[in-house]
Amino acid sequence: MQELHKLTIHESHKLLKEKKVSSVELTEAILKHLNKVDAKVRACMTVTGENAMAAAKAADKAISKGKIEPLTGVPALIKDNMCIKGVRTTCSSKMLENFIPPYDATVIEKLKAVNTVIVGKTNMDEFAMGSSTENSAYFATHNPWNLDCVPGGSSGGSAAAVAIDEAIYALGSDTGGSIRQPAGFCGVVGMKPTYGRVSRFGLVAFASSLDQIGPITKDVTDCALVLNVIAGHDKRDSTTAALDVPDYTKALKPDIKGFRVGVPGEYFVEGMQPEVRQALEAAIKKLEELGAVIDWNVSLPHTKYALAIYYILAPSEASANLARYDGVKYGYSYREAGTMWEAMEKTKQYGFGPEVKRRIMLGTYALSAGYYDAYYVKAQKVRTLIKQEFEEAFKKYDALVTPTSPTVAFKIGEKTDDPVQMYLSDVCTLPINIAGVPAVSIPAGMVNGLPVGMQIIGKHFSEETLLRLAYAYEQATPWHTKKPAA
Amino acid sequence: MPQRGVIAILCDVVNYETVIGLEVHSQLLTKSKMYCACSADYASALPNTHVCPVCMGMPGVLPTINQRAIEFTLMTALALNCSIPEHAKFDRKNYPYPDLMKGYQISQYDAPVGVKGYLVIDVEGKKKKIGITRLHLEEDVAKLVHRNTPEGETYSLVDINRAGMPLMEIVSEPDMSSPEEARLYLVKLRAILQYLGVSTGNMEEGSFRCDANISIRPVGTTEYLSKVEVKNMNSFRAVYRALEYEAQRQRDALASGERIVQETRGWVDDKGVTVSQRSKEYAHDYRYFPEPDLPPMAFSREMVQKIEAELPDLPEKIYDDLIAEYNLPPYDAEVLTQSKHYVAYFTTSIGLKSSMSTSDRQKRAKTISNWLLGEFTRLLNAKNVKIEEAKDKVTPENLSGLIDLVDKGTLSGPLSKTVFEEMFNSGKPAGIIVEEKGLVQISDTSEISNISDKVIAENEKAVTDYRAGKEQSLTFIIGQVMKASKGKANPAVVRQIILDKLGGK
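These protein sequence lines are chains Y and P, in that order.
When we follow numbering that gives the first Met the number 0, the leftmost residue of the first sequence carries the number 0, and every step to the right adds one.
When we follow numbering that gives the first Met the number 0, the leftmost residue of the second sequence carries the number 0, and every step to the right adds one.
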């Protein structure tokens, strides 16, 4: 018997289309495997088995009528900050412990329209604030490659789940690296599309000008297949681009001859794990072998400010985005208060975890009268400089290649007492959100039994270029076929 | 020596002038709310029935801009002679309150839709320009209803229907120097909004709200002293009274050596006073920053010119037209143009007489204006009905028919008021009412002569007084004849007959 849970999207699709397997069989296999391994990995926040079986039956019915798309009948997991009508959406926060949205996020509508099978919601850092999924108000997720290690974050649940085959694919969200860094730590493919490529409607906001939803998949082909479905203009999200969505699978060609690839030195930071550096250098040489023209001496000098301005801009926006959780309308509500103000204050005091409160405080401070110009306005100016720096670079290069993170996955508990060390784990991914450009992380080596991620960055709306480079590399290397022991 | 003391004191008396600036918030007459597709027509709806995840501020939802609201705001900005910047943007105004669904209001901070405009008011026959600082768009908040349990505990209910309604804020310069000027400004502004069709301008229902900033300063100085913000004024009369009160309160305070505190005060209408609400020490830091969910807006010059070209006629122009075309007195033209609905009624009514000669039309125009500003307005006020509603009963055709009857002599002046009231109540045309009630004017001299004889016989004293030179007695006697004829006698005929009988002039 074939182990169905190990399939990719394109493999599942072939079997479903040839009617060699039904969506019900595939979904049952996934749920069975998920129940077996999730006790250790703890990737899932909510498993919606009944909904999944109903969706699988609906998918089989559609398939029997000849209505089959690449994602039809394929089981998926969704990060717990995307709203699914009627399904609890917690953002891994006590604040939304029992929040059941009466609407679907646009990406969920799109997935449902092609009869994908959603099997549940994945654990994350509370409100997507964190880099290890340890900030979940409920439990930490473990890295399937080494259960003592973190899976990265904040989409750690989605990345760990895909790595250990709890789902064929997953959706994550990325504000400063929250798809790519966990994808790198877990040895899967994770893409943050261009800001405005995928609708944010129904994604619980952390930092509105940086948040973007993207695929977390087992290989590059799957990444293109998911992006095909979720990308596109949405009239409910004014920040989405009114551009046509190409068929991203057309970019999946092994030939990258003549592609100009730059390697920015600033991303090989001090304190970087030497083995990660070696793995990256080897990976870049592989790209060169495949025909890419490598420039090893690119400089993006404003990179060093990215972390600082990220921790001004993201918390500023978050301080407003999280103001709605006041216990009046939904979610956690402190009921023992004597006054309205006390009720609102205590709701926030007990409903939010420490990292969320820290960022609300940071953002509130940065926006305060007397500090606004020195922090928020200055940070926006630097943001413009970083954007321009990328634009200049992309006049010369088709893509830039960097490590996804300076290290492989670290130990659970290792950085929880030191927020700055934790923040530094996103140092290679933050600038990409600040510039709004797309980037993908793909497996590019193993260090001490843990995966290494390579980040490929392109100009706005150049997802096809990224997928082509990623696909060529993937086809020429064995990393995507490596699996953690179940 | 005491005299010198008096002079010294007189020299200390400072003359103060009042400085007033107004902030008006007007809901816009769009079909849907500002940032979502919910119907804006919630006036008679049950609480929390015109709501959706967007206006309820649920997690993950995003706003989208109501383009009609932008157009309405651009129209208003242009009508108020504002310049329209090339770009405008929305900002988040952060403050926690249970009526604010997202914990921030999407408003506009430093890039509003319109800046630097003005409107002209007529102060005792003189034109005065009142500067408009800025005009921007934002969203309304939910309505809180405060209740008590039978045990006396207070609690509040939230009605989210109003949350997310488009709200246009119009900020004036501190250019008004009396409560009357403030009132004139509001009347004019409301008329403009109504002519544009962007607002009902209804203050009592809260779709048109006004806060005032008021301070006083020694005449001849240009600095602003501590200003007081006055809120809770729910009618034009309340604005006027509150500002009168506040201007006097500040003068009294300075006269008794007190300092005026910069603060917000609320108008308490039934007591006729303002009371301190909060001092500025507790002022919010709103932490404005650009709204990341809404891209900045660009206003192309072509678009602005197109909107400007399509603006409807505004009160200024209609005022001039009324005087030029119908020779109406300025007072009539001014009062008529204060309401778009009055002008519409007037225009339809006079339009029915397009075949008249110019002089007859002008005479008719004045008669229509008299009815509108007199009896019609009196009844509207007395019955608390709006002309938009009453015009279905007293149609312009019906009023025209009534005036025709009076002109022909079929109906007397006094009786025409009775008929008008009946028209107002029943919606019937004047001719039918006259027929039904037998109100045709008596011009038959023999009938009036008989009634007059009777009245003269019964009022010997008045007759004697008149003959002794007391003119009022004549009016009294004529009145008695009119009364005896149940108002049906033709007053001119009555007057002539009485004069004949009493041997008058």
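Be aware that one or more of the hints could be misleading.
Covered stretches of chain Y, as calculated for chain P (at least 3 residues, CB under 8 angstroms) [what the hints assert, rightly or not]:
#, region
1, 80-89
2, 199-205
3, 283-294
4, 306-318
5, 366-375
6, 404-411
Bear in mind the hints are in silico, worked out from the structure with no lab data behind them.
Heads up, the beta-carbon is just placed ideally off N, CA and C, and yes, glycines get one too.
Here's how the hints hold up against the structure:
Taking a C-beta to C-beta cut-off of 8 angstroms, the region 80-89 of chain Y contributes 4 residues in contact with chain P, enough for the three needed, and the coverage statement holds. For the region 199-205 of chain Y, the stated coverage by chain P holds: 6 residues have a C-beta nearer than 8 angstroms to a C-beta of that chain, and at least 3 were required. With 0 residues having a beta carbon nearer than 8 angstroms to a beta carbon of chain P, the region 283-294 of chain Y misses the requirement of three or more and the stated coverage is violated. Counting residues of the region 306-318 of chain Y whose C-beta lies closer than 8 angstroms to any C-beta of chain P gives 3; at least three are required, and the coverage claim holds.
For the region 366-375 of chain Y, the assignment as covered by chain P holds, since 5 residues bring a beta-carbon within under 8 angstroms of that chain's beta-carbons and 3 suffice. Look at the region 404-411 of chain Y against chain P: 0 of its residues bring a Cβ nearer than 8 angstroms to a Cβ of that chain, fewer than three, so the hint is violated.
The structure shown violates the earlier hints numbered 3 and 6.
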